[in-house]
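All chains should be built: construct the whole structure from the sequences, respecting the hints.
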Amino acid sequence: MTRADDTRGRQGARATHTAALTLIMLAAILGPHPVLASDRSFCLEGQGIRAIEACRRALRNERDTLALYRALGGHLEASGNLDGAIATYREGLAAHPGDSQLTARLKISQSNRRERAWIEQRNQAQPSGGSAEARAQFTVNKIRCTTRTGDDALRACEQALSVSPDDRELQQRLAQLQASQPVAPRITEQAQPPAPPPPETVPSAEQSRQRALVARIQQELTDLGYTPGVADGIAGGRTVSAVSAFARARGLAQPTPALDGALADELQRALDEQADALERLQQATRLLTDGRFSDARRLAQSTAQAAAWSPAVSRQSDALLARTADAEQAWQQQRVRQLAAEVDAHLRDGDIASAKSLVDEALASFPDAEPLQRVRDALAAAVIERARNEAAAQRQRAGDEKQASAQRAFAAGDFEQATAIINDGLALAPGHAGLLALASQVDTAQRDAERLADERAAAARRVEQEQERAAAAEREQADAARRQVQAWLADAETALAQDDFAAARQKLALARGQAPNDPRLEVLQKHLQTGERSVAIREKLQAAAAAADAPDGAENALAMLDEAASLTNDALALDPDAKVLWQLRSDVSARRQSLVAEQQRQRRQGEEIAQITTAARGLMQQMSRLETEAAAREIALKLDAQKILEQVWSSGR
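Residue 70 is where the sequence shown starts when you use our numbering, and the numbers rise one by one after that.
What the hints contain is simulated information worked out from the structure, not anything from laboratory work.
Treat the hints with care, since some could be wrong.
[To be verified] DEER-style ranges, computed between Cβ atoms:
1. Glu485 with Gln536: 45 to 53 Å
2. Gln352 with Ala449: 44 to 52 Å
3. Ala147 with Gln401: 33 to 41 Å
4. Gln668 with Ala559: 45 to 53 Å
5. Gln680 with Glu715: 49 to 57 Å
6. Asp523 with Gln583: 41 to 49 Å
7. Gln407 with Glu533: 52 to 60 Å
8. Glu485 with Pro436: 57 to 65 Å
For clarity, every value in this text was computed on a predicted model and none was experimentally measured.
Where is the CB? At the ideal position from N, CA and C, for every residue including glycine.
Structure follows, in structure tokens:
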């Protein structure tokens, strides 16, 4: 066996061992039953209808998986299917009796369903949606917007803003929620199973237990109403923030406790207390149903104060308080309407004493009720009207007597006496129709003329004032348009200075739409064209420089420089005073001359190299011939020397 074979054998053994270890760890994590890893992972970490389907597929394979029941119930709540969530939690409690998280979330879902049913019932009872109901719903949505978190708070903010879009508090809260909302991961058409971790990243048993503990802490924080993110067992920034918020609200000694068993036990105690608080809120709901508004309000407020560390309890108590205020207001309005109707009936019958007694009694119970204040004013008006009618009857009789006397004086031709009697009668009975009619016969013409003159003057003043207002509005509009155009032109000038030609073009287009004849517009448009062409020329110069550096790229570089020269000439035709264009034209010309000179130098250098190569080739051939002749002579000399040696040898012998 070679060393390579031995190495491959050891690597194969390590790979087999690693694969076996990975399978063992995955089996330990996924549980003893064959649940698909993709369905389980997508159920616990996904969102939407696909996550619901993945949870149901996983539950068909392992009915006693507690985390799957919690995840499926949460997905159904998020989708608005409260009935499905309640059924899932009940099924989970049947498989895992006594689980505090499932119990708490079941109570929350049931409370939310009752709240939804109450709102739907109220809307069905009054489909037209009166102003009081609209204000009550707006109050509920505003409370949810400012106290809740996540998607529930976003929906409440959007619904409240649809009623009051100018509410700055709602606008700021919505912006804050949108800024803190995590970006949901994009879900592909088919969830893929996660790739197994590398051998060196397979978690140990202790790491698996710690991750399960962190996932439990995350789920418990979620059940309490905090936002630690997905219960994936990874202690990220949102998890740490949620733990810190819980610690502050709970009054723990450490501002950011460690994610250990002690924290999990504290969260479990909080969940148990939250379940008790939710039960008390259900009692408050029953008190509200029985019409005991004060008792329901006191119980909801005391429960919220005792469990102030629980956002879930705070949301439920806020909603219950809003419903209590809404119901109490509706009852008060109904009772006030009944009392107002009874008072109106007494007034129609002329029974002012009974009406006054009923108004005093009603105002003692509802001092701020607007309908009762209205009927109280009507009652006072009725009393005043009765006294006024009696006085008017007396004045009418005195006026009738004066009218008869004045009529006799008028018939006798004593106009001065008639006028004096009319004035005396009008002093006793101002507005007496007969006296006024008689007096009008004297000065009808003069009064008609004065009245017409006054009416014309008033009409002229109104027309003049309206014209002045219209002219001022037009001037203000024109000034605003001019300021806007100047702002656009200033923005365009700034964008040109920063070579942001797209922004400059946009601002110039806006300015042209408002003031097409503005003198600055043409100047800035010319600068824009000059800048764009300058960029194109510089790009051509850069491309020509790059082409010149490439092998055999001189011709391409010359063509690009010719294009740059053409662009420069076109730009100078539009803006002959642009110094940058003249500088670019000089650069293009200089680079072209340099490139042409370089081409000529390279051409001469090539010719010289060719001549040297030809001369060297001839010299080499001549040297080859000389070497051949020298070799031949050397051979001849060696032969001659050999012959001489042979002769000497022969002579010696």
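Against the structure, the hints come out as follows:
no. : hint                           : verdict
1   : Glu485 with Gln536: 45 to 53 Å : holds (48 Å)
2   : Gln352 with Ala449: 44 to 52 Å : holds (46 Å)
3   : Ala147 with Gln401: 33 to 41 Å : holds (37 Å)
4   : Gln668 with Ala559: 45 to 53 Å : holds (49 Å)
5   : Gln680 with Glu715: 49 to 57 Å : holds (53 Å)
6   : Asp523 with Gln583: 41 to 49 Å : holds (45 Å)
7   : Gln407 with Glu533: 52 to 60 Å : holds (54 Å)
8   : Glu485 with Pro436: 57 to 65 Å : holds (60 Å)
Comparing the model with each numbered hint stated earlier shows that all of them hold.
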